[in-house]
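Student: One-letter residues, chain by chain:
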Amino acid sequence: MKSLLTNKWLKSFGITATLMVIICFMTGPSGSNTDPVAGFSGSLFNSAPFLGLFITRRWVVFLLFALIAFVVQQGWQAYGRQVKVRYAKVMATPRELKSKRPVRLGTYGALLLLALLLPHLVTDPFWQVAMVQQIAVYVLLALGLNVVVGFAGLLDLGFVAFYAIGAYATAWVVGSLPLPPLFGHALNNFWAIPIAILIAMAAGIILGTPTLRLRGDYLAIVTLGFGEIITLFANNLNGITGGPQGSRIIPHFHLSLGPLKYVWGNGPIPYYYLILGFLILFLVGFSFLEHSRVGRTWTAIREDEVAAESLGINPLKYKVMAFAIGAASAGFSGVMTASQQNFVFPTTFSLFFSINILVLVIFGGLGSIRGVVFGAIVVQTITMYLLHSPPSGYQPADLYMYIGAMLVGMMIFRPAGLLPATRRKREIVQLREEAQ
Amino acid sequence: MGGFIHYFSSHFQTLGQEFWPLLVGGLANGFLYGMVAVGYTLVYGVLRLINFAHSEVFMAGGFASFFVMQHLVGTSSPNGISSVLYILIGILVGGLTGSLIAMAIERVAYRPLRKRNSPKLAYLISAIGASYFLFNFAGKEFGRYSVSMAQPYTNHPLFTIFGAGVQMYDIIIFIAGALMLFGLDRLVTLTKLGRSIRAVAQDAETASLMGVNIDRTIALTFMIGGALGGAAGFLYGMNVGVVYTMGFTPALKAFTAAVLGGIGNLRGAVLGGLILGTMESFSVAFLAPSYIDVTAFGILVLVLLVRPTGIMGERLGRSA
Amino acid sequence: MLAGATLKSAYYSQLGRTMKIRLNKTMVAVATSALLLVSVPVAGITAAANATAKPTYTIGYQGPLSGGNAQLGLNMEYGVQLAIQQANASGKYKFKLRFQTLDDQGDPSVAPGVAQGAVANTNLVAIVGPSFSGATAASMPYYGPANIAMVSASATRTSLTDSTANPNNNTFFRVVADDSVQGPADAKYLVTTKKIKKLYVVDDGSSYGQGVASQVSTSAIALGATVTTASVPGTTQCQAGTGSTSEYSAAATTVVGSHATGLFYGGYYCDLGLFLGALKTAGYHGLIMSDDGALSNSLISGTTPRSAANNVLISCACATSTNAAFNVAYDNLAGFPATNATYAAEAYDAANVIIKAMSQLTTISRGGIVAKLKSSGFSFKGITKTIKFQHNGNISGSAIYVSKVVNGVIKQLGLE
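Residue numbers (my numbering), protein chains in the order written: chain A, 120 to 555; chain B, -13 to 306; chain C, 12 to 427.
Hints are computed from structural coordinates only; laboratory data are not their basis.
Please note that the accuracy of each hint is not assured.
As the list claims (entries may be wrong) - For lysine to aspartate or glutamate, the following DMTMM-like pairs were computed, each having C-alpha atoms within a straight-line distance of at most 20 Å:
(1) B:K106 with A:E546
(2) A:K544 with A:D423
(3) B:K106 with A:E553
So here's chain A without its partners, still in its complex pose (with noise of 0.2 Å):
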């Protein structure tokens, strides 16, 4: 018994078994609280069919399933090593003209031509709006966390209150809340944008200065709260916020210069190219950031803050910055928001949004910027495809438990990202060198 416990070969079956058993759950229908069984006894003996080639019971589907990955698996320990040589044999001459400038910026261009023309190669209407709504916006946001997260090691919880600042801020100042706009009068809402990024900056100093001197783990509960008192205020404030009905309607961007006039519409094109070429500053600005004295003093910071200390540098204030950019870009992603719904609604500033942009962030590598933009389109894409076309046996109410799934995965097997920052993922493989 005992040795049928401790065998190798057992065990790792067995993980790998347990796994299927998992996700043959998962992906099973669901049940209910009347009848709690349902959902695993038909995962388990509903009939499937396997790989295209027969239908069985679903429990012998994930069986094969597991045999199959645990064959894989055992080949890959066995020959994993030469496999990984060969592979980065035939690599090497890629990877080293990917550190070729020219080649580089030939990809960054095409990379950006392909941007601009993406709103023709894709014409489905749906598409189009999500491209703007879900994409952009969310790159953007994810670019912002990424600072606080990724650069500065800070677990922001609470980013969907810059966010929320950021779209009441644009309601405000084009005259779409109870609240008087700023100036008396309405304004153009590309006023908002350095007003919101102002205020949302503010916002991240005023509440980063006290909590940011506290530990990782309590900040993250302290921004957490925040989020939800914002989200509160807005929804409560009804003389200032319009609380649970939301803003009066919210003009689009408009621009008038002389004879010039051109209005950004219903349509999701020109905002795209709009939050485009912002994102392009934000992404330009992100990299000068990166790896200016500012962004190193974040690595350091994050890596060891006594160390850091220790040679003169004063980390709160390091922090607060990291804090009031990231603040910053949420705004600014308010403003955008805004604009293009025409609403601002504190329904949809809620607890989980902070959370969906941090899985954005993580998915693509913490702290990588190419890797965050990645990440975010990847997620947000994936997303919004089981939003428009549900494969069958997927349901809808059960993203957040495949995204769940997904993230202690990732924590597991690949902590850096799917596209990681090289500085991080030696931070990554330096620790475990310590465990070993």
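The hints should help you fit chains B and C onto chain A, whose structure is shown.
Tutor: Only chains B and C this time, still in chain A's reference frame:
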């Protein structure tokens, strides 16, 4: 200005009339917060991190006891000795499920990271992921509607203190909560297991050199915290029903309570829970129901700023 | 493909270096761009041609089909689907209808995206819905300019038909009475019929609950009752909320302390269920009334103890369907009885109103349907009532029904 004064004076008036009922209700909630808070505090002691997934331990305890109560009690309305029996069963089922789920969380979401010496951020994210997975999985399997539990007791006012009717429910919470928390306190102070938990909390490396099995101690710490959390899930669900999202807010409050009392400090966690529960209760009458959560976080931020180690001070590893 | 492209450009870049021509770097950059772009498949979606003789038009249903209020959405979705199936099966129309669901989760922040997508589908001529007022207001800026009729079966917020608050509401119609009818009717029922002198009005902080509650309190004050108001936000125990359930015991204590004899709750069933339990514990014995958001069997199953839901009054502009043919057909399609499905009959009527308007047009267009619905001669005898729209989109002359929970079952008492 006059309206302003009137607002406050009228609210003080209500506060006067309802002081005792609000206090009793607040203390009952406070005991629940305390029971969940000790789970946070214990885990924080040994791992130095917030177990964000503790909310789902609470939820799991609620659901498991819900199904058992549905089966045992059904539509009958028991009282007397059968009530006591059912409540004991509920606490046991809730506690057992809670500790199993807590153990699973430790095994899946924490231990692999510990073995890899992952950065702290990874733990927090992994815990958030585990929490997301668990509550949505519960929603999938057990439905997404709030449903009331078959009540194992008949609620009625037992006696009054200063005009405040003390309900059966309040008494159940007081007794169950006090007994369990007292038991935990003794367990950690007196037993060998308690000693090893404190040893790991103080210095894990040295403890392991002294022959404490770290893995086992950490798993058991999770299980003990989970047992109280799960039992609290039952006691809470008994009164308001169960739903897959039920863990979120109570657990957040409980964490606040743990920090309030001084993280790592068991008695502090209980005290923090009681203070938070009462403050919340009064804030409903004094401010407005909609600002109840503002109160909780306002207190948290203030305490952290003024006294970052909590009311009773941090006590990582020292006997509580 | 990507790797291949990079390899090729790499070749050029090396070539460039050996020839020592600086300009080549730019060329390489351009070449890389070009090669990468070629590797992107051109995405384009073209609608499949439909090979039926009759022209086909799409009618949408927009409402919450996922999320916490999905049941309400499903109730209505099946109603609309049934109307469309019956219209297609009858063969008496010169067009075929296709059904499209538009899931806005009942959330005003999701609705604009859904509405923009719907507007872009040129085959879509009209929609039933949106179901929730917040989502409706957020959708109007898209449906209005596109001239798509939105016939809602359940969006009752008064300001939806007010064109200063919602400038794009020119295509909005509703087949139920709005809150400005329901709120005062409820207040009158409480104050005049039930003789409540001291009324406590609570809302759940949602846009819907607060809307109804404020109507009730204004009208009750006008009728001479003493009114206390409070906002108790929805909890995380229920779907949309953020509050914690501990607020209910304290809020119930204040209600008892106010010595009110009547309580009106503006909000949804889930949070009301929690509040009812707390009210019972606190020893409240007065009358309790709520709105159509509470009209669900889940109100009873979610109340602890279930008996605390007894005697609660629920008002609704909707009626339980007594049409036997509809009830049978609905049960067959949906798998649950129409009598349990709030707003199902209204959604069925809303779809049929659209179909009737379409049948009276010679050329069917989005604008044509709106004009027809607004025209003074248009009326339709539905299973709930005869539907005729005022110019602002409100239904003319409508009634509020009141129901009561009797021994764990919701029973319709009749008109208020």
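Student: Against each hint, give a clear statement of whether it holds in the structure.
Tutor: We went through each hint and held it up to the structure:
Restraint check: the Cα-Cα separation between B:K106 and A:E546 comes to about 12 Å, which is no more than 20 Å; the hinted pair holds. In summary, the hint linking A:K544 to A:D423 is supported, as the alpha carbons are separated by about 16 Å, within the 20 Å threshold. The suggested pairing of B:K106 with A:E553 holds, with an alpha-carbon distance near 15 Å, which does not exceed 20 Å.
Of the numbered hints stated above, none is contradicted by the structure.
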